[in-house]
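Colleague: Once you've looked at the hints, dock chain Y against the given chain X.
Protein chains: 2
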Amino acid sequence: MTVFAASQQSAAGAGMLPSHQARLACRAGQADTTAGVAPGYVQGNLAILPEKFAAAFHRFCQLNPKPCPIIGMSDVGNPMIPALGLDLDIRTDLPRYRVWRDGEVIEEPTDIMAHWRDDLVAFVIGCSFSFEEALLADDIAIRHIDCKVRVPMYRTNIPCAPAGPFAGPMVVSMRPMKPKDAIRAVQITSRFPSVHGAPVHIGLPQSIGIADIAKPDYGDPVPIADDELPVFWACGVTPQAVIAAAKVPFAITHAPGLMLVTDLKNKHLAVL
Amino acid sequence: MTVFAASQQSAAGAGMLPSHQARLACRAGQADTTAGVAPGYVQGNLAILPEKFAAAFHRFCQLNPKPCPIIGMSDVGNPMIPALGLDLDIRTDLPRYRVWRDGEVIEEPTDIMAHWRDDLVAFVIGCSFSFEEALLADDIAIRHIDCKVRVPMYRTNIPCAPAGPFAGPMVVSMRPMKPKDAIRAVQITSRFPSVHGAPVHIGLPQSIGIADIAKPDYGDPVPIADDELPVFWACGVTPQAVIAAAKVPFAITHAPGLMLVTDLKNKHLAVL
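Listed in order, the protein sequences are those of chains X and Y.
Oh and the first sequence: position 91 is 90 in numbering that gives the first Met the number 0, straight run, nothing missing.
Oh and the second sequence: position 162 is 161 in numbering that gives the first Met the number 0, straight run, nothing missing.
For reference, chain X alone in the conformation it holds in the complex (with noise of 0.2 Å):
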């Protein structure tokens, strides 16, 4: 990714970014939701590793472009990430963490100074923020924000390609939509590869393994009209579920909805 921050601007006061200023806020312990903040700006998904384990889930995300499209990457050790934002330390600038031994939540800290160790590389990963920003933009409804719960998200049978350790299902959210808006929706998300890009299905839930549309595996269930189909897009949570399954001995990511606001503008990510 070569996507630099939009503004390298000072520090100091008043002409500070608002992405800025909401990471001040996550480090100063004055934030508990992402959602809704620094509008037009990119958040994104976090997973740190073990440099041991970096290289394959580099790969593995290399191999899963559209579960997780990488946005940015630290160097291993250094918790600054300068490309995605002015003064941003990885270790302080999200609202809550999730540390993970052997695949288990052990906490869920709100930052991870004392988490932090040399041999670390930090992941950030385009997120679905951006490109439903996009869809609203071009007046397409969502229905999960319509009606205020977490996107329904559901594990698929579409096989992630393994690499090292990681494997496993692409876990994909969902969004009814009528199928005029689906269309014009693959045509705004194509535009937008870095944050999970086009729809990767659209329509027949039970083809690509998912037997209850009502049972979402993570976040809430939305009703869907009888003029309406599900459209399914890439998700983040499956770099997570891989994490998980590979039982790595160590790790940490964001916290679900608690995500990293970068300095990236969201249009600035379109390749068209």
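Hints listed in this document are in silico derivations from the structure and should not be mistaken for laboratory results.
The structure presented is a predicted model; accordingly, all values stated were derived computationally and were not measured.
There may be inaccurate statements among the hints.
Note: identical chains are not told apart, hence a pair may lie in one copy or across any two.
[What the hints assert, rightly or not] Result set (DSSO-like, lysine-lysine): computed pairs, CA atoms no more than 30 Å apart in a straight line:
{"hint": "1", "residue 1": "65", "residue 2": "264"}
{"hint": "2", "residue 1": "51", "residue 2": "266"}
{"hint": "3", "residue 1": "65", "residue 2": "214"}
{"hint": "4", "residue 1": "147", "residue 2": "246"}
{"hint": "5", "residue 1": "179", "residue 2": "51"}
{"hint": "6", "residue 1": "214", "residue 2": "177"}
{"hint": "7", "residue 1": "147", "residue 2": "65"}
{"hint": "8", "residue 1": "65", "residue 2": "51"}
{"hint": "9", "residue 1": "179", "residue 2": "266"}
{"hint": "10", "residue 1": "246", "residue 2": "264"}
{"hint": "11", "residue 1": "65", "residue 2": "266"}
{"hint": "12", "residue 1": "51", "residue 2": "147"}
{"hint": "13", "residue 1": "246", "residue 2": "266"}
{"hint": "14", "residue 1": "264", "residue 2": "147"}
{"hint": "15", "residue 1": "214", "residue 2": "266"}
{"hint": "16", "residue 1": "147", "residue 2": "266"}
{"hint": "17", "residue 1": "177", "residue 2": "246"}
{"hint": "18", "residue 1": "179", "residue 2": "214"}
{"hint": "19", "residue 1": "65", "residue 2": "179"}
Modeller: Same frame as chain X, now just chain Y:
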């Protein structure tokens, strides 16, 4: 439309374009179909109307670009359309025509020399052959081609925007596809707005007024597998249906499947 014929080379002999050769064969009465003729070259639907109705028809096309994308027009009374092809004579260069009086086909001649008048305007309208070529080039199978039948077409409840006497529902063509191919087909055909562009509907035929997908209003039925969705594109039969419904005193169209072969290349119509 500002695309001009790819190559206005000499009419003589060896260097002749396949499209030009095809038109000369039509002119000589040696062609009975244009399906599969001159691969790579744009074929078009034809509608010829007296000047008195041409302005309203032009407005109808402008208002309904998905079913009626104009790729070329003649000047009033001039049967030559050099922008679409070297030496192209709209009176002779299609294999077969339909002559309409008051909404009824009264004749299906192989040329319209006897019917040509100084007040006629010819419209050449983009056709699905162009986007089907792009789909096939991307390894997306097309059911009616595999089944060796005509594409199934349906009258819908989607109203066209009316203009003067021209009004009526959109006619659509249907191709069954697996959802991932349908998504890819949206991407591919979005690049070709001058030959119907992206689909107008996916998956729920009842919601666009199609009572029985097994009974097309034009063309032939094709099988749809359980893991496929019907994908619908705006169809160039729409203007012909609208001309018939308007019962204009006089009009000429191509006969179904027997199109005008132009010197434009399909790939040059892509907007990206």
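Colleague: So, for every hint listed, does it hold in this structure?
Modeller: Tested hints:
no.: 1; hint: 65 to 264; result: within (20 Å within a copy, 33 Å between copies)
no.: 2; hint: 51 to 266; result: neither (35 Å within a copy, 48 Å between copies)
no.: 3; hint: 65 to 214; result: within (23 Å within a copy, 38 Å between copies)
no.: 4; hint: 147 to 246; result: neither (33 Å within a copy, 53 Å between copies)
no.: 5; hint: 179 to 51; result: neither (47 Å within a copy, 36 Å between copies)
no.: 6; hint: 214 to 177; result: both (21 Å within a copy, 24 Å between copies)
no.: 7; hint: 147 to 65; result: within (26 Å within a copy, 36 Å between copies)
no.: 8; hint: 65 to 51; result: within (24 Å within a copy, 54 Å between copies)
no.: 9; hint: 179 to 266; result: both (23 Å within a copy, 26 Å between copies)
no.: 10; hint: 246 to 264; result: neither (34 Å within a copy, 55 Å between copies)
no.: 11; hint: 65 to 266; result: both (18 Å within a copy, 28 Å between copies)
no.: 12; hint: 51 to 147; result: neither (40 Å within a copy, 56 Å between copies)
no.: 13; hint: 246 to 266; result: neither (36 Å within a copy, 50 Å between copies)
no.: 14; hint: 264 to 147; result: within (24 Å within a copy, 50 Å between copies)
no.: 15; hint: 214 to 266; result: neither (33 Å within a copy, 45 Å between copies)
no.: 16; hint: 147 to 266; result: within (24 Å within a copy, 45 Å between copies)
no.: 17; hint: 177 to 246; result: neither (40 Å within a copy, 35 Å between copies)
no.: 18; hint: 179 to 214; result: both (25 Å within a copy, 23 Å between copies)
no.: 19; hint: 65 to 179; result: both (23 Å within a copy, 13 Å between copies)
Checked against the numbered hints above, the structure violates hints 2, 4, 5, 10, 12, 13, 15, 17; every other hint is satisfied.
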